[in-house]
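*Asks:* This is what each chain is made of:
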Amino acid sequence: MSRKRRRLLWLGAALFALGSASALGLSALNDTLVFFYSPSEMETKHLQPGQIVRIGGLVEKGSLATSAEGQVSFRVTDLRRTIPVIYRGVLPDLFREGQGVVAQGSLGGDGVFTATQVLAKHDEKYMPPEVAAALKKSGRWQEGAEAAQ
Amino acid sequence: MIAELGLYALILAALVSLLQGTVPLIGAARRRLAWMVFADHAALVQLALVALAFGCLVAVFVTSDFSVRLVAANSHSLNPMLYKIAGAWGNHEGSLLLWVLILAVFGAAVACFGNGLPATLKARVLAVQGLIGLGFHAFMLTTSNPFARLDPAPLDGNELNPLLQDPGLAFHPPMLYLGYVGLSVSYAFAVAALIEGRVDPAWARWVRPWTLAAWTALTAGIALGSWWSYYELGWGGWWFWDPVENASFMPWLMATALLHSATVVEKRDALKSWTILLAIIAFGLSLMGTFLVRSGVLTSVHAFASDPSRGLFVLMLLTIGIGGALVLFAIRAPALAGGGLFQPISREGALLLNNILLSSAAATVFLGTLYPLFLDIAGGGTVSVGPPYYQSTFVPIMVPLIVAAAAGPFLGWKRGDLLGAMQRLWLAALAAFVALLLTLWLRGIAIGPAIGMGLAAWLGCATLVEWAERVKLLRASARESLRRARNLPRAAYGMSLAHLGLAVLIAGVTASSAWKEERVLRMKAGDSTEIAGQVITLQSVDPVVGPNYTAMQAHFVTRRGADLEPQRRSYWVQGTTTTEAAIRSNGVADLYAVIGEGNGAEGWVVRLYHQPLVPWIWAGALLMVMGGLLSLADRRLRVVVPRRTAAAETARA
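So the protein sequences, as listed, match chains F and V. Sequential numbering of the first sequence, starting at 1, is according to my numbering. Sequential numbering of the second sequence, starting at 1001, is according to my numbering.
The set of hints was computed from the structure by calculation and includes no laboratory data. Be aware that a few hints might be false.
Claimed, not checked - Pairs of lysine-lysine, DSSO-like flavour, derived with a Cα cap of 27 Å:
hint	chain 1	residue 1	chain 2	residue 2
1	V	Lys1472	V	Lys1267
2	V	Lys1414	F	Lys4
3	V	Lys1267	F	Lys4
4	V	Lys1472	V	Lys1414
One chain only, chain F, in its complex shape:
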């Protein structure tokens, strides 16, 4: 085999590996992407039951309740629409009423969002960018900033 052909062979192998990796990646992206919606957007998107999405907004003040079995319920709001959320598990340390939160899970037929994961951030001064964008979209950004105080 000449040097040129050998190099071509390796190049082909590399391209094949890279190509199949990206094909694998793009097809996996299709199946595993999780979209983010604000409570207002949730109303207009007609989600299939069981579809995993993320919702984000502020935790409505006074909405946090814990049942005897350790199930937590609270409401997520973008100050225009509100979605009730239930979650089984320990809430993150920075979870607070009136502050930003992102929850991942699915919307049930009864309009209650069952979260499998609740994210709050390391830094409590930090507002998740999606939440800020959702509040800006609902035109309540200023009030949102106040509500977070």
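Mind docking chain V on chain F? Use the hints.
*Replies:* The following block gives chain V in isolation, referenced to the frame of chain F:
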């Protein structure tokens, strides 16, 4: 006063790095020795100035000088001393200064120990380092001055983020930076070689130890960060495929590839331009990691308090540094003479396969990390890419990589004997098969975990067999084997240890992701529950007081008499709550307990995990780090030896 001294030193250091980045380059082009030697002095002065600045920063933290904005924002008079010091780099500005300090240390090391390098190459390496330093100095002085004053000074500070008040995290950033900055040395060598227009085995002998050091530090840094998130976040996980984790993982993948391809350049004088390209990409990815973390363009659980102008600056550095290097590469690489030929089935072929697979893996991680950003810019909505994506892309690429990693060391250089290698691997194949069947039998029909355990057994066993063959274990007398074992180069042991560590790590990762058990419930004092066959009782929940926090501490007892005392801490200053998980490990599995909110009357929310083989993840990472260190200590890699041989070569020339 101290702060001003530090700032002054920083400005001087920036000016020195400007000189270091230009004068030696011109000197090397015009063959003026004095101008080239100037680089050595500049590198040493640079180190002295940056060390002074860093010392000043630590000093203002230790003395709690709250008139410095950074101290006020990240420290508190009540913080324990370790966290006052760690506070100096537990924030954006301070960590940049640490970055520059490590860069200066490495620059001075090249200046001191690089006497064996050709004068022009050394001058150019130091100049490129000077230019990198200049970029970061400019970044720091224009957007993130660590010594900015605050007027009026507050009475006390805002304390270091309580989550960061942890020994694991105090050492995580310096380790990670050692790795990132170590890659900058490989990058500097690559760019200098491109300017020189030649790459020879001597060049690889120099690049390999630096890459190895960077790889070792990066491995340790990532493992420390993962360990920290395991016990400090209280989520029971150790890797979340979070953008910031990926940002450190991509350079690691490329550094691993670089490590293997540099071996080929050193031993066989082949794959030169590819190795250069890898060095550029590896450093590019670590710069990109910095950009992702500091700019806040991606949502991440880490989320540094971020600032778009900083992101823009890093993006600019990235464009100039990597774009420039790639243009240089495009111009100069075709002129690099090709080296030794090899058959596809050979040690070189196996190492090249390793490189292709690692690069593809890095590409999938890159796609997953940046896709949300692309989609957002394109107006496609806000999305997140989670673990399922990586499980269906990254993991399948790892399978052939592990298969090849076991077989590679059995192949000869230049032309390997695949059939012979396969015959020598029968024991490993048997071990893999047994592990696979055993997993299916013990844990039920699930093909993924069975393959994972099989691969771990395959790689681990093959690595041991390879070592046994080298020392002729059981084939020669015990004394002969011992003599051979003693004479085996340390680099060989380094490779064996690192591969063994990888096998142990794979077993840990597989088992902990497949068979983790979780129980969330509400418990009162005296209640018992059961997890993974163990009965565990909550005996009491009591308040305890720490140096700067109060905590509710639960006391769990298992039937076997092990105690677990998780805490839920409230830090006084920031009013934040952190979770301190209690972990009881027996080497094979961790029992992991977290206490949430609650009270005596209604009970406490409790989260319990049984995590099989998680300790093996840390053990595997430790083995890899030890392998790296051992390899670094190899006589052939000692900086003194290349100096001597290179000096001999020049004498001969």
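*Asks:* If a hint holds in the structure, say so; if it doesn't, say that too.
*Replies:* Structure-based check of all given hints:
1. V/Lys1472 with V/Lys1267: Satisfied, since the Cα-Cα distance of roughly 24 Å is no more than 27 Å.
2. V/Lys1414 with F/Lys4: 17 Å, holds
3. V/Lys1267 with F/Lys4: The given pair, whose Cα atoms are some 22 Å apart, holds under the 27 Å limit.
4. V/Lys1472 with V/Lys1414: 24 Å, holds
In the structure shown, no violation is registered for any of the earlier numbered hints.
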